[in-house]
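Chain by chain, the residues:
Number of protein chains: 2
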Amino acid sequence: MAEQTEIRIDGKTFKVAKREAILEGMPEWKSSELNVVGKRIARTMGPDNVTGRAKYAYDVYLQGMLYAKVLRSPHAHARIKKIDTSKAEALPGVRGVITYQNTKRKWDDERNILNETVKMAGEEVAVVAAESETTAEDARALIEVEYEVLPAVVDPEKAMQPNAPKLQPYGNVFGGKPQVYNRGDVEKGFAEADIIHEQRYTTAYQQHACMELHGCVAQWERGQFTMWDTNQGIHLSKDLLALKLGLPITKVRVINEHTGGGFGSKTGIYPYHLMVAELAKKTGRPVRLFMDRNEEFVVAMNRPYTVQYYKGGVKRDGTLTALYHRVIGQAGPYKENAIWAARASEDTEEVYHCANVRAEKYHVHNNVQAPRPCRAPGGTENMFTLEQLMDELAEKVGMDPVEFRKKNAARYDQVANKPWGSNGYVQCLETGAKEFGWKTPSPGKPDARKKRGIGCSSVFWHGNQSEQSQAVVIVHPDATAELLAGISGIGVGAETILVQIAAEELGLPMESVRITYGDSQGTPYTLNAAYGSRTTALSGPGVRAAAHDARRQLLKLAAARLRAKPEEVEIREGKAFVKADPKRSIPLREATRRIGRELIIGTGKRPPNLDGYEVDAFGAAFAEVEVDTVTGEVKLLRAVSVHDSGRIINPRTAENQVQGGFIWGVGAALFEDRVLDPHRGIHLNTNFNEYRLPTALDVGDEIKAVFVETDEITNSIGAKALGEPPTTGAGAAIANAVYHAIGIRVRNYPITPARVLEALRRKA
Amino acid sequence: MAEQTEIRIDGKTFKVAKREAILEGMPEWKSSELNVVGKRIARTMGPDNVTGRAKYAYDVYLQGMLYAKVLRSPHAHARIKKIDTSKAEALPGVRGVITYQNTKRKWDDERNILNETVKMAGEEVAVVAAESETTAEDARALIEVEYEVLPAVVDPEKAMQPNAPKLQPYGNVFGGKPQVYNRGDVEKGFAEADIIHEQRYTTAYQQHACMELHGCVAQWERGQFTMWDTNQGIHLSKDLLALKLGLPITKVRVINEHTGGGFGSKTGIYPYHLMVAELAKKTGRPVRLFMDRNEEFVVAMNRPYTVQYYKGGVKRDGTLTALYHRVIGQAGPYKENAIWAARASEDTEEVYHCANVRAEKYHVHNNVQAPRPCRAPGGTENMFTLEQLMDELAEKVGMDPVEFRKKNAARYDQVANKPWGSNGYVQCLETGAKEFGWKTPSPGKPDARKKRGIGCSSVFWHGNQSEQSQAVVIVHPDATAELLAGISGIGVGAETILVQIAAEELGLPMESVRITYGDSQGTPYTLNAAYGSRTTALSGPGVRAAAHDARRQLLKLAAARLRAKPEEVEIREGKAFVKADPKRSIPLREATRRIGRELIIGTGKRPPNLDGYEVDAFGAAFAEVEVDTVTGEVKLLRAVSVHDSGRIINPRTAENQVQGGFIWGVGAALFEDRVLDPHRGIHLNTNFNEYRLPTALDVGDEIKAVFVETDEITNSIGAKALGEPPTTGAGAAIANAVYHAIGIRVRNYPITPARVLEALRRKA
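These protein sequences, in sequence, are chains F and B.
For what it's worth, the working numbering labels the leading residue of the first sequence as 289, then goes sequentially.
For what it's worth, the working numbering labels the leading residue of the second sequence as 289, then goes sequentially.
Here chain F stands alone, though its shape is the one from the complex:
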């Protein structure tokens, strides 16, 4: 049992463990004493990424490889009455065709990988493997399918109606009822309010739109299954493959050094991975399956469309008394992933200090592709709407929106009833307002065509789970080191910051440490997969612990050479010296070369988060927009995104993350507008001309990243989440700025010119 202490917040007392418990003998890092951590270091893999040297799964072409193509359902719901693959199989060059009839591999308790009944448009009906891509396409066209079209429902609100086709035994609400969170007494809270405000908002579908399309290349050799795969984590994919293929873990190898974008859509595996495995087994050949851009839009999943109802109660002095929130999200036909449909209430529960909160989540089954976590899932949908509501409430009580947020800012985690390991929330609002040059918004000139407005939003991201992470650090006789890390390089810079952490702990310069990653074989679980903005805070402490184990061995070697005790010796920048007499020093390699071929192998693992605390990342976003009242176009002029993400390991890559994350928010708020066939539930504008992503020209002069560095107490490196928080702040900051520009709210995202013009018409 770790030693405990008490802290008091808001008159409440919390019992928490002392930090020593997670340091396990390591010293606390003091920012002023760090040599590598905290430095602006360019991403080590950057040059490879931009010159095309980096090898992605998409680049893998194996000898004797077959190409696979998928025949997909054109219907939202249908039973396959008859399927005839004989013509396809007879085509020269075709090596295998699988359908639900010849392939019985289970996907989960609910369905096989190929099924007699398809429940969403785009669902796989058959897969062809052939000697060339074009042969596979030709063969696909030769498959004859007769469908019995079944009743389907696309819109989630319609799916909740009693007459809707029932997709699950319990009905269309996942689990048969909404998931409800209750704190205090929301009715009592509304009774105490001076002002009550109710609103409906919607948030939009968003595509992950990865540069690298979904796909993999797979091969069986001597009963071993190897997959080159584009994913967010080799170990998670490996474990799921082992589980679903019924193989021992060591018989499955997943290789993925670089991923061309994932954003949640490449976490784990899809049924298509098992289809490729089946075809590779059936044909005895390596098989390659990659989607094209159309398929990617149709079936690679997405951020779900949500409908959200809010009711807020507030006293005249701005004190929140009650919050009611109902979220309806589209869950797709299957139970898998259904919980990602209407996740958007966690922020309602946590971001503001409020005694009475009720949140109801309706994950609604429909005949549409299932949702999948998409950069800041839930948080984006929640903050995009909650933070419009807060602006509306602030206006109703006549308060400055920043002041309103500061007044109501949560002081501790009200759901877990625990203090935070660090909390820079209010400081972020204050720092951001200052950086942005915030003043209370006032209406723009009434007669101008182009109107400017400013808006703000809180930023919040639920904490890092306390998961296991492990690493290995090998030190060579010339005092260079190798970090074995079980991660994929998904483009977030993990391969850079983990090397920084290892180098810092080892007392070596950055360039003396190499990282080996991207292969499930020979690496420990440093991270099962990169999602939830977890990489730094989960993997970092694991890497530090492994490096520390190596450091202990280094200190012993160096101490022997310096005729001192290990505890009297320090290592810094490749030099070992006696702390009390730094002139007594040697290059570290003088100590290490004596190891010969017995390399120093350090292993370490992340201890669980410090007991008694919750971990959340905070921030604030500020935006200025210009609205063209004739065309309806909204132009983002500038933004400030402020973050408390704990210690910033690498300010340069952190800024990139903030800018990238914020732009995702800009896309969801202003640009990305999926057109869905209302009957067939299929994405229609499946290209980048019609489904527009923001480009560099669309995001204003500057998205300024500002960090309020706190020292997160719950882990040994002091870091928190960073990748996803910026996305959550962009939407409402922009929506609020649009409102302050034109004086009328657009409550349905994305805020397209059409919706702006429609709102202006309503106002007029």
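The hints are simulated quantities; they were obtained by calculation from the structure and are not laboratory data.
Every value quoted in this text rests on a predicted model; they were computed, and no experiment measured them.
It does not matter which identical chain is meant; a pair holds if it fits inside one copy or across any two.
For lysine-lysine, the following DSS-like pairs were computed, each having C-alpha atoms within a straight-line distance of at most 30 angstroms: (1) 306 to 844; (2) 343 to 570; (3) 863 to 532; (4) 303 to 695; (5) 343 to 569; (6) 532 to 343; (7) 394 to 570; (8) 454 to 392; (9) 446 to 599.
Keeping the supplied structure of chain F fixed, place chain B upon it in accordance with the hints.
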């Protein structure tokens, strides 16, 4: 200091350490209790090797890769007066040409990788890199070179004459004088002898003749150098590259999973590796250089030709009183590798109990490609001749050759004055004689055209050096394990027997353990390179130690589940149980699945050999031949090769090793006959039609492998050398059998039809 004990041999007392010192807490392996070690298990990589699935360096084709071709000296000794590469460089598709003029990279203290003066035919003069192999060849033909031809000497005995061109400041004998070993007083020994016998023998050049030609593919990326290389050890090659390129170890990566034969010729690196590195750097492109078969014969080095003089003294009762041995070998022009020229005296010093021994080794510089260790280097040349001498001495005193050997067999290591960790020498002679059906040879029918004879030879191989070896064993939650081993798969089955050792120690079935190897990145030094028959005895204990570390952790987990103490628990074949009550058992995975993502990581290293002992492998060879007195052809009818190689980890792969090794000896004894240009020192019969290797049809009905298993005390697995010993016994067993068939000795290897006929003419 390890605890000591005493052993007595031949009235002498030796102080030795107790075995506990090298067991480091591990139990002694008892053969009867082993489940995986000692079992006949097929090589796990065999199917890949024979189906073409295995990937060799030769199979590596990288995107944007250039092809390199080497222009070689036609002269044995010459100065480049002028070299003009302009026409070659102007050829479309040529990307770079290097010569001694634009490339100053050092090879060693004696020379650069490219030099103004070339000292052997085939030495590199220029290297071209071009977009295709044919372009590179065309460009090579366009390089204009003007040579000043310098005096050269090819024959080593001629090189020792005073008028020979002097290749080194100290003359042509390496180091300026022979290397001499002296024990007792050889003159006194001869004085005591009743019979003195003197003879001159020669042994032949032998090509390694690897199936996979020498070569590599190299690439620079962001200052990191990666080489796909055909070699006998990734770590040795990596270390040498780092050293010679002046790079940190972590900036060099050597990849080599499968090697298509090495036999000593692929240990470490050659100058061509650095030429490829230079060209890859110069062109900014990956570069591929592989020799063709002609080049392979000319420059990939070989077993040196030796001239050997012996004088043996023996009493009438067969007791050896004195041995004098002079070896002259060709060293090539450079100091590098010179010591491999005339290594063949170690067996003279050690194999027989003899108080008075003198051996003189003349490593003689000449303008011929340098020697390189070739399967059982030294030992082959030594035993091939020493064991003819022993047969001749036995005949002189009228003793059976087996009895003569048994009588004089060494009882301890007379050079080191130490006992052996195990000694099955005499037992091998006895077992072999029995297996073979040995009886004292008597002359065949005088009038038969085809005459049969039998012969025997002792087998001896100097011990494994006591080197460092390290391994890592990872155990997954489903109780499958991964062995990280820094070895290359050179075809000897190491990847199989190391898995056996790990599985045995972990208490897992063979199929639950996977090995990761063939990449210097991410693996420890399990072996720097596979030479000297060291793999099992060096790497095995390192692997066992790592597995034992993992086992300790497994026992702790299992004990907790079984409510017992770790020392009360046993693990066997994937099951953990209480030793005293085996019904209290669980599948091991029940214990391991609780580790989640914190894998069990075991690390371990080989302790130095047990103090006080020497390690040598023993054996005996028996052969029956049929000589066609008309054609001179010698046909091997059958053979028995008996070995004391300590514990046999895998009898099946061990038999393969014995058969393969013996066939090498057959090649050197009967077939492989290099034709050397006596003036230019260049190999002329550079193809497998004219330079004949024995095929399956040439080696008789059966080469029977027999093992006399001893438990070698100096390491934790009880194993000794095996790969090379069989080669040493084949030559003299055959030569002696030829003698007993035809009644006249052929003392120059290979025993070709021409030499047999010549001997028969002499006899007649």
